[in-house]
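J.: Read left to right, the sequence shown gives residues 1 to 267 (my numbering).
Since the hints were made in silico from the structure, they are not lab data. Remember, it's a predicted structure, so these values are computed and weren't measured experimentally. Each hint should be verified, as a subset may be incorrect.
[Claimed, not checked] Each pair of labels, with its calculated beta carbon distance range:
| id | residue 1 | residue 2 | range |
| --- | --- | --- | --- |
| 1 | Asn241 | Tyr188 | 17 to 27 angstroms |
| 2 | Asn241 | Pro153 | 21 to 31 angstroms |
| 3 | Glu45 | Pro149 | 43 to 53 angstroms |
| 4 | Glu197 | Glu174 | 35 to 45 angstroms |
| 5 | Glu174 | Leu196 | 35 to 45 angstroms |
| 6 | Ser171 | Ala51 | 33 to 43 angstroms |
| 7 | Arg240 | Leu146 | 35 to 45 angstroms |
| 8 | Asp150 | Arg240 | 26 to 36 angstroms |
| 9 | Ser191 | Tyr43 | 28 to 38 angstroms |
| 10 | Ser255 | Arg204 | 43 to 53 angstroms |
C-beta: ideal position from N, C-alpha, C; glycine also.
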Amino acid sequence: MHSMRQEQRPQQRAEQTLRISPRLITSSNILHFSAEELEHAIYQEQLDNAALQVKEHRLCLMCGTPLYGSQGQTCSNCGRTLPLSQSRDVFLDSGEPQWVYHSQVFFDIDNYGLAAVENDAEFDPMARIPMSETLAETLLHQLEALVSPDDAPIAEQLVGNLNEHGYLDISTQEIADVLDTPVERVSYVLSQLHTLEPPGIGARTLQECLLIQLNALSEQGSVHPLAQVLLEQHLEALGRNRFAEIARSIHQSESEVREAVHYIRVM
């Protein structure tokens, strides 16, 4: 009888249950991000966590090799010596608000692809260019085809002074002084550089970059009617999300301003 009770006693089994945490879900999702989506996710994390810092490395414009260290301005691969990059500190010290630098993830093509990269072709405007040729070399070849042979040294100076974000790190007057040529010639060659892809290459400020991109879109079709006035006259207020203030200033509804802002961020 005693043995029968033992047989009828319910048996207990140890089971392991896998609990999926939010952190694990997030990590899994990140694995499927494109380069553009990953950059936006990092940007959002920086906004949410003020203590988070992202370490960045410059790239050699000619061969794409990372340059490590604050003094690492000579490429260990091709030996090319580069000028000091005017990147984040210059943006902050020039009087432009800090949001201008961070907002570049919305407006800029990832690093402008200044070196040959292996990004998804969907996000790479230079995907059809052989990987053995960097964007800097491609830009120089295209630019020299647009200007006279006498202006080739100007083209070399312009392309050679693009930083890793695609911005021009030197003024037209400085190039004119170095080459002993009229500044008008330098400005003309720069205007030709602005016609090349990716749109915005060779811009000197974020505002100029966005206006170049907007102009390129206008040549392909219609653009949002408020986009240009927002970029030309209200860029700082735009970055601070002062949509109601902008709407009153240009006598438009706030919803129309927000619609234009969305257009600018995805154009």
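J.: Kindly indicate which numbered hints from before are broken by the structure, ordering the numbers from low to high.
T.: 1, 2, 4, 5, 8 and 10
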